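Using the sequences provided together with the hints, build the complete structure.
Position 351, counted from 1, in the sequence shown is what full-length UniProt numbering calls 351; the numbers after and before it change by one each time, with no gaps.
No wet-lab data here; the hints were simulated from the structure. Quick caveat: nothing in here was measured; it's all calculated off a predicted structure. Be careful, since some hints might not be right.
[What the hints assert, rightly or not] Here are the computed lysine to aspartate or glutamate pairs in the EDC-like style, where the Cα-Cα straight-line distance is at most 20 Å:
hint	residue 1	residue 2
1	K179	E358
2	K49	E251
3	K49	E23
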Amino acid sequence: MTQTVKQVGEVQVRPVLSPGDQELFLDVPSVVYAGDRHWVPPLRSSIAKYFKPENTFFEYGRLQQFIATRFGPNGTQPVGRVVAAVNDRLIAREGENIGLVGFFECIDEAEVGKALLDSACDWLRQQGMSQARGPIDLSTHNNCLFLVDGFDSMPYMMMPYNPRHYPRLFEQHGWQKAKDAYAYLLDLTKPLPPEFERAHRIASKSGITFRNLRLKGDEFIEDCTAIYHLFNKAFADNWSSTPRTLEEFLEEAKSLQDIADPDVFIIAEYEGEMVGFFMALPNYSPVLQKVNGKLDWLGILKFLWYRRSIDTGRVVAICSLPEYIRKLVPMALIYLGREGGVTKRKPYREAELSWVYEDNMPSRKIIEATGAKIYKTYRIYQKSL
1 MTQTVKQVGE
11 VQVRPVLSPG
21 DQELFLDVPS
31 VVYAGDRHWV
41 PPLRSSIAKY
51 FKPENTFFEY
61 GRLQQFIATR
71 FGPNGTQPVG
81 RVVAAVNDRL
91 IAREGENIGL
101 VGFFECIDEA
111 EVGKALLDSA
121 CDWLRQQGMS
131 QARGPIDLST
141 HNNCLFLVDG
151 FDSMPYMMMP
161 YNPRHYPRLF
171 EQHGWQKAKD
181 AYAYLLDLTK
191 PLPPEFERAH
201 RIASKSGITF
211 RNLRLKGDEF
221 IEDCTAIYHL
231 FNKAFADNWS
241 STPRTLEEFL
251 EEAKSLQDIA
261 DPDVFIIAEY
271 EGEMVGFFMA
281 LPNYSPVLQK
291 VNGKLDWLGI
301 LKFLWYRRSI
311 DTGRVVAICS
321 LPEYIRKLVP
331 MALIYLGREG
341 GVTKRKPYRE
351 AELSWVYEDN
361 MPSRKIIEAT
371 GAKIYKTYRI
381 YQKSL
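Here it is as C-alpha cells:
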C-alpha cells in the first residue's frame, strides 16, 4: 500500500515509521502552542499510549500517523501531525465506511494543513473509506471536537482546546460541519431553582436512594462495572459513538480513581440496582498546566502542591434510565451533586457541564434549567472522500 511523502516548500509530510518520527510526533504541540497561556499540555505518556501495540483499539481498528517537519538552523523541527484511523465498530454501527481523522496539530500555514489532511484522506481512501470525520482521536470516548467559539479561557479537565486557525484549515479544504456541541458554565455560588430540591424529595419518596461513589478496592470496581452497564443502556444511541468493552472502561476508570471526588459523584439506586449517576470531576487543568506535561519527581511535587487550590469542577455526565426520568432522578442528582460540591471544606465555586450535542434537547433543557449558560462551542467536521 502506497504511503507517499508530500513536499510543501521546505515542509515534508510523511508517515511516522520510526521511533525518531514518533518523538517528533509527540513534540508537535509544544511547537504549535508555544506562548499560548490557555493551553494545558497533556501528559506525554497519555498520548504515546494510543500508539502502543497493547492498545485495545488495534483489536478492532487500524491507523496511520503522519508528521510534518521542516529543517532549520537547529535541525529537524516538527510543525504538524495527524492520524488517520479506521474504527470497525463505528463502521458496523453506522453501516457506512466512515474513517476518522484525529490528533491534528498544525502551525498556521494553510498548505501544511492541506498536506496533512490530504495524507490522512489518501490513506483512508486506500482503506476503502468513503467519508472522513474528525477531529476524533480513534473514538469519541477519547479527545474529539474542535473549539470554534470561546477561546478566552483555559479548557476544563479532559476537554479539547486548539488554536483559532484549526477550524479554518479544515473548512478551507472542503470539510463541512457535521455537528456542534456546547459547554455550559454554572455559577455554584448561586442556589439552584427550588424545583431541583423538590425533585430530590419526590424521588426519595418514590423509593430512590442516593449515595456517593465508593473509591476503594472491590467496591470501586463493583460501582464502575454497574456504571459501565448503565452508561451503555442510557447512551446506546449517541451519535458517532460505539460501546467500549468493560476492560476498556475499567482501565479508564482506574486512571481517574486517584483524582475522583466522591462528594460530587452521586449514584441513584432503586431496590439496590443502579438507575442513574451524576459524574463530576475536580478541574485539574490548572494543575496539569503547572507540570507542563511531565510527571517526573518535580512534576509530582507541583501536582500535589497545586491540587490543593482546585475550586472548579466539570460535570461529565448526568445519566438516568428513561423510566426514572419521570421520577425526577436527573434533577435530584444535579441537586445532590451541587450540594456535595458547595458544602466541602474548600467548596467549588464554578462548574462546567460538558459536552452536550446541539440536538440533544432533553439534556440541554435540564442543564439550562439550572441557570447554566453556553460559553464554548465545539464542532466535528465531515468530508466526502
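Can the restraint linking K49 and E251 be considered satisfied, given a maximum Cα separation of 20 Å?
Distance of about 12 Å is within 20 Å: holds.
Checking one constraint from the list: CA of K179 to CA of E358, max 20 Å. Satisfied?
7 Å, holds
Between K49 and E23, is the straight-line Cα distance small enough, at 20 Å or below?
13 Å, holds
In summary, this structure violates none of the numbered hints.
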